[in-house]
Structure formats: C-alpha cells, structure tokens
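> These are the residues of each chain, in order.
Protein chains: 2
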Amino acid sequence: MTDATAALKLIDDSLEGAIERLFSFVRIPSISADPAYSADCDKAAAWIAAEFQALGCKASVRPTPGKPMVVAHYTPPDSGRKLPHVLFYGHYDVQPADPLDLWKNPPFEPQRIKNKAGVELLVGRGTADDKGQLMTFVEAARALIATNGSLPFKATFLIEGEEESGSPSLVPFLKENREELSCDVAFVCDTNMWDAKTPAITTRLRGLVHEEVTVIGPSIDLHSGMYGGPATNPIRALSRLVSSLHDAKGKVTIPGFYEGVSELPAAVKKQWASLKFSEKKFLGAVGLKTAAGEKGRSVLEQIWARPTAELNGMWGGYTGAGTKTVIPSKAFAKFTFRLVGKQNPAKVLKAFQRFAREQMMGDAKIAFSGKGGGSPASEISESNPFIRLSAAALKAEFKREAVLMGSGGSIPIVRHFKDILGMDSVLVGFGLDDDAIHSPNEKYNLSSFHRGMRSWVRIMGALGQ
Amino acid sequence: MTDATAALKLIDDSLEGAIERLFSFVRIPSISADPAYSADCDKAAAWIAAEFQALGCKASVRPTPGKPMVVAHYTPPDSGRKLPHVLFYGHYDVQPADPLDLWKNPPFEPQRIKNKAGVELLVGRGTADDKGQLMTFVEAARALIATNGSLPFKATFLIEGEEESGSPSLVPFLKENREELSCDVAFVCDTNMWDAKTPAITTRLRGLVHEEVTVIGPSIDLHSGMYGGPATNPIRALSRLVSSLHDAKGKVTIPGFYEGVSELPAAVKKQWASLKFSEKKFLGAVGLKTAAGEKGRSVLEQIWARPTAELNGMWGGYTGAGTKTVIPSKAFAKFTFRLVGKQNPAKVLKAFQRFAREQMMGDAKIAFSGKGGGSPASEISESNPFIRLSAAALKAEFKREAVLMGSGGSIPIVRHFKDILGMDSVLVGFGLDDDAIHSPNEKYNLSSFHRGMRSWVRIMGALGQ
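Here the protein sequences line up with chains X and W, keeping their order.
Under our numbering, think of the first position of the first sequence as 7, with each following residue one higher.
Under our numbering, think of the first position of the second sequence as 7, with each following residue one higher.
Derived by calculation from the structure, the hints in this document are not laboratory data.
One thing to keep in mind: the hints can contain errors.
If several chains are the same, the list does not tell them apart, and a pair holds so long as it fits within one copy or across any two.
[Unchecked claim] Derived DSS-like pairs (lysine-lysine); straight-line CA-CA distance at most 27 Å:
| hint | residue 1 | residue 2 |
| --- | --- | --- |
| 1 | K255 | K348 |
| 2 | K336 | K287 |
| 3 | K88 | K424 |
| 4 | K336 | K255 |
| 5 | K286 | K371 |
| 6 | K64 | K160 |
| 7 | K287 | K371 |
| 8 | K275 | K348 |
| 9 | K257 | K371 |
| 10 | K49 | K110 |
If we strip away everything but chain X, and leave its shape as in the complex, we get:
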C-alpha cells in the first residue's frame, strides 16, 4: 500500500529544486526540425537519461537514423504481487523559436515571472511542450521513491526527440523494440487541461499529414518589366491552388478528402455542448472574432472532430527590404492536413497532389517534397480502467470532475502504441490554451507544473492499489 501523503508534501516542499531542474532542461535548445541544433538534441537526450539513472532506472540513449530515443526501465523490489507495467511517454525536442524578435526573454533562458494578473509563469521554449509536462511525472516518481522507497509498479519511460518534426524514426524503433516497450498501458503527458482549474483527459485526437510543394514558373528570376504579362508567375499559380482549397462554406474542396469522416454521435455532441465553451473567449484570446472553419459547426467540433487543410508557410520572390521588380522562378508552400475518423493519410496526400496538379495554370509545374508523412486520427475508449483510475486521481487533486475531451492536435504516438504495441494510451496533461506552445513567449503556469506533479503522485499511488 503506497502512501502518497508524504510524497505530496515532498513535492510542495521541494518545488524550487524541481523548477531548477526543468530550467536546466529548457536551456538546451533541442530543436529537432533544424539540423543546426542536432548536437543540442543529443545533449537533451543525455540530460534526461541521467535523470532516469538518478531514479534508479536502467536508462539508455538509443541511436536512430534521426534523433536518439531515451528508454529507461524501473523495476521495483519483488513484492510477490503481480504489479502493473506502465509506460510513460514524453518528448525532449522542441519547436523552432523563430520569430526571435517577438520573444520578451530569450527562448532558451527560462525565467519564473508573474503576469499582470499575478499568476506565476515559467517562460521559455519547451517549458510546456513538452519538457515541463514530462518533468511532472519524472518529479512525481522521484518524490514517491524518496518517501516510499520505491514505485508500486513496473515502469518504462520512453522519451523521443522527433515529435516536433514528424517522428520519422518512431515506428521503426517501436517495431524493433516491440517486446521491450509493450506494457499494460501508456501514459502520455503532452495535452491540456480543460481550464486552469479543471483537469482533463483527452480521448480524441486528430491525425496529421503534411506536404511541402515547389511551384516552378520560368527557369530563372525575370524582370517584371521585360516579362510582366506573358510570363507565368509561380506565386500566382500557388495562390490559385491555396485559394481553391476551400469553398465559400469553409469545406475542403479536394475530391475524396472527406472519405472516412463521420458525423459526430449525438451523445458526444451533447456532452461537448454542455461544456459551456466560450467561442468568443477562445478566439478573442488570439485576436480573432469569427470562426473561419466549416459553416454551421461549433468551434469545438471544428477543432476536435473536423479535418482541415492549412498553410503553415508560403514564400517566393523578393522578401527583403524595399522593392525588387522580379517575377520569381519558384514559389514554395508548406501544407498540413488535420485528419479525423478513418481518413487515410496516404490517400489524403495523394488526393491533394492530384488536386494541386490540376490547379496549375499556364507553364506552372508543381513538385512535391516526397517527404509527406502522417498518421491517422485516434479515439480511446472512455471505459478503459486506467482512464477511470486517472480521472478519480485528478478529481482528488483538483476537487473537480475531469473533462473527457478532444484535441485538435496530433499525437501520432497514441496510434502507434495501439497499432504496434497493442496498448491504449491515457492522455493526461496540464497545459493551458494560452501556453503559446508553438509561438514566441511559450510558458507553463507554475500551478500546471506543481499540480501536475501532485496529480502524477496520486495516479502512481493508485496504480499500486
């Protein structure tokens, strides 16, 4: 019988030390999307591996063709009882920090500050996504071991380093280490609370597929005076493709795109309506007023249950100061498609490519990166016993029912855990909608970090019951 009381007290008493450890982690600029930060990714992997070693785990940094994986195994002393074997997942890589000039503090020099409302924040790239989140379960394990001598279950920790860049090495790694990594359940800490006071477990995740295109017009950049008129302008051709992706009602126009998308069951629709989600507040927080997605659907439905086609970046021609009267040779764009239900990433990608080719005009040609990767959407049963156990623990900590919610983002690992390792995932996270996790000035509320650690102490304690 594990007593969580002493561990909870230790979490409260040693908060400063936990913040200092998180800040050391955040100071490593482990940006996986940019090859320039490759050595920093290695450094972050070594750092978190050393933390697991300190907990008494057998920890290793495992090379992959991309960024290394960190795997750590914790085996409690033999009690004679059959103990559950639980996997904890997080990622040590972070998003690129640009545009740098919009950060109030340098992204990799984390700070503890108070905002205007007096709320304490931990600011810096990765304080929330995902270094802060994953450290909540690391610190909880540390406190339980310190106060109880050991954890009351067998644990495997899997920390990857490519989550922000499409996880190219993940599936091969899971397949190669299927036996070692298969557990009774996975806990994934990379999601949000319902609000700052209400915990949540995410049971519905959108999938994702991405593609980068190059539209080619003339073979060289041209003078817009000498060629303006007869020359095909690749920016215009690309804009035409982008603007033809949606109809006037906000629906994606790619033929076959909605294959596998089901209407939301009435019961789920009703539950979400009961959440009293303020669309005005959600949009207003980021300077918006009008829901831009499919007409006739709520914002929650648009985010949690509908697929999208989005532009993440687009560029071509002269982008420096002043004017340059050029017709560029090439224009580029990065697209992502959020997927739901049974949409097939490979099929969506192929349908997009066919559609994109058809939108080209004049001499414009389109080329695809060939790197389009993706994962389908996931749904998790709400009757899973680990979901029920976790919901009860969260309720004990927050004195409120945990909301069982959807998420518009993608956590492909959930899908892979099910498909490759045969285990369900319980998504418990303590992020908030205003954490700015892919934007400048990312932050993690100190209360998210603190109550996150306390919540894991309760969940881990309950695993030993």
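Assemble chain W onto chain X, guided by the hints.
Frame of chain X; chain W shown alone:
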C-alpha cells in the same frame, strides 16, 4: 567639324582599359534597395564623379534624403557657334544580388568569359544594368576628347543612385535644380537593342506603381492543431486576393484598372507584327512555352502596350527546414503594376487598395505600406530630330536600320524629364534580352559594350555637325 574616325580607332585600341574601368565600378556593391549597402552607394557615386572630373567636367556628388546624385557639366571651348546642350543619364545603383547561391561567380567580382557559343561576356551584377551601359557614353566622351581635344557640344551628366528602388529623391532633385539640368534633349542609356546585331531606340515605356501589403490574421502565431479550422489564416486570405486579381482570360479584375488604356493604333500594330518577333524563342529562353497574359494579344503587345498586375514576392509563416505546424499571424506580399497609356498611378493604387480590402475574409485585415510610389507610362515622338540623328548614327555603326520599339520596363526619368525639365528623351541602349539584369549571373556582351561606345562616338560626333 568633329572627326569621329580617330575616336573610333582609339575605342578599339583601348578596349582593355575600358573593361578594367567598368570592372572597378562593378566591384562596388551599390545596392540601393538594401540599407546595408548605403556606404557602397556613396562609394559608387564618388567613383563615377571622379571619372567625370578626369574628362574635364565640373563634377559634384550631391546629397539627397536618399542616395546621392552625381551631376557633371562639360563646357567646350567657345567656338562662337551656338552648340546644343545635351544631358546624359544613367544610374550607378544596382539590383540586390540574391539568391546568391545561383551565381556561378560572386556577383561583385566581375569577369570576362566566353560562353559555350564563343561569345565574350562581361559578367557580374551591374555589368549591364546600368554600370556597363552608362560607361559606354563616358568612354565615348573620353575618346572624343582625347582625339579631338573637346566635345562638340555642351554636356550635362546626371547619374542617380535610386533607380532600382523607386527613385524617391529624383523628382524633388529635378525640381530644385530645374535650371541647371534643363537641356535641349536627354540621352538615356538603360534600354536594349532589338537583337545582338540590330540597334534600337525605345520610344514607348510602361509606367509602374508598387505596393507592399501585410495581411493580419490572429494576433500571434498559432498551433495548427489547436486552432486549425476556426482560425483565420492570413496566407489563405492573401492567396485569395492574389488569385482574384486576374480573370480566366488573363485580364486584371480591379474595377477601373483599365481606365486610360487605349487600343494600339493599327499602324503601330502592323509595324510590330513586321518585326518577326519569335514568341517561342523569347519564352523558351526562360523555360516557358505559353504566353500567360491577356488572351488574344501578342507577346509584344502584352509587354509593350498592356498593363499588368504582378507579384514580386510573398511570404508568411514558417519558411525554414522541416515542418512547423503553425498558423501564422501575418502574411506579406509585394505587388507591382505596369502601366500604359494614360493610366494614373495614384488612381490605380487606390483602386487596388479598395479591391484588396474587399477580398479579405473572416477576421483577416490588410494594411498597406503607404510607400506606394509610381510613374505613368511615356511615349516619345518618332519625328524628334535627336531620334532621327541617333537612328542614322546607329545605322552607320551596325549597318542595319535601328528598330523603333517599345519596352515593358519603366524608366520614370523619361516622364520626369518631360514634365519637370520640358525635354524629350532619346533612349539608346545596348542591352540584350538575355542579360539577366535582375537575376543571378547578370552579363553584358562584350560586343554590346564595344559597339555601344562606338555608337556614342558617332552620335556625339553628329551632335557637332
């Protein structure tokens, strides 16, 4: 009576020296659009002023709120005859050199090379536009003075440094120095030949107006998972604007855009048709096949006599390596409009702004740079005596009739010389269509440089008859 024979021989005999002087000039990276090269613009101004001083001119570098102007006056010994007073115009600034990685040689390290066909080329940024071109009349004057003792006319040289960035200081400068700069005629050397063997005088120039826009969606960059669907994406809004600028027949859709545009007179249409211009060759040289402009109009008409709306640059969101699932806060684009006939730049700009605002969707807002400047189109009478004199001199040099042609590019100075100084301009230049003047690997054929100098010796000689 000026004898050009000795000067022509001197040009031939001292070609190496002329090339070396041009290369010294090209080595100064005088990019006016980029503030980082401001000191280099000053250096280029000083360099060309020193050249005029060496010719016996009274030369000065005159400050402006932007880049300095170079003005030089040449007064021949008093012969008792009434001599013509002629202005020569060129510009010492050059286009930005990016993308740098497409240059075979560094842009500001000029070289003399032979292409695969054995044609000798001078390569480097500015070898043609406009340093190479303007040095043709400087070298011609040098040769005439060396062989005849003086020029047979009064000359004023005006070399500006903002031609590639909209010439913001030009109009105030012309107005402030109206008396000093008003001559009988201006010779402008910044245009092309008809082909490598056939000289040309340009009598028709398109005007230009430009604008840079910022489209604003959310107040911060957003995670495309968390907001994908309901969030307004500024790239999509901007693409919609871009793709709505033209109809299916290639016509610009901005209401009122064609106000002041006349159909080409039948006689001019016939003359241009007789030029046996190869559309296939013109487009094929830059990797294109199909004329993308207004349907039913020839390529020459599209370039010389029709207005356009072009995208010179567009950017927004993540443009680095790999993927970033972001919905950006802002997207940007640079537009230029080529003008013909009596189109009014300010009216076109206003009509575009009104149209652009109407294309915004959802919460997207559009802001304009407020820096949109421009100049209307120009046409010059073909019966002007200086045009006739120049055409005869060119025929003597090239043993072919000079073509009286149009140009799709803008030389606003021509308009300002007429409006402010009351003088016509004769546009004689030796550039070729494949000079890549706003692209990587800009070049000037050695024959353009050599016969350009010889042509000016003949024109200058004829001015003394």
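> Indicate which option fits the pair K255, K348 if close means a Cα-Cα distance not exceeding 27 Å: within, between, both or neither.
within (23 Å within a copy, 41 Å between copies)
> Classify it for me, K275 with K348: is the Cα-Cα distance of at most 27 Å met within a copy, between copies, both or neither?
within (19 Å within a copy, 61 Å between copies)
> Within a copy, between copies, both or neither: which one fits K49 and K110 at a CA-CA cutoff of 27 Å?
Answer is within; shortest intra-copy Cα gap is 26 Å, inter-copy 39 Å.
> Tell me, please, which holds for K286 and K371 at an alpha-carbon limit of 27 Å: within, between, both or neither?
Answer is between: at 18 Å across copies they meet the 27 Å cutoff, but 42 Å inside does not.
> When no copy is specified for K64 and K160, does a C-alpha distance of 27 Å or less occur within a copy, between copies, both, or neither?
within (12 Å within a copy, 91 Å between copies)
> Is the C-alpha distance from K88 to K424 at most 27 Å within one copy, between copies, in both cases, or in neither?
within (23 Å within a copy, 96 Å between copies)
> Indicate which option fits the pair K287, K371 if close means a Cα-Cα distance not exceeding 27 Å: within, between, both or neither.
This pair counts as between: shortest inter-copy Cα distance 20 Å, intra-copy 43 Å.
> Could you figure out if K336 and K287 sit no more than 27 Å apart (CA to CA) within one copy, between two copies, both or neither?
Close across copies (21 Å), not inside one copy (40 Å); limit 27 Å.
> Within a copy, between copies, both or neither: where do K257 and K371 come within 27 Å Cα-Cα?
both (26 Å within a copy, 22 Å between copies)
> When no copy is specified for K336 and K255, does a C-alpha distance of 27 Å or less occur within a copy, between copies, both, or neither?
Answer is between; shortest inter-copy Cα gap is 23 Å, intra-copy 31 Å.
Hint check: no violations occur; every hint is consistent with the structure.
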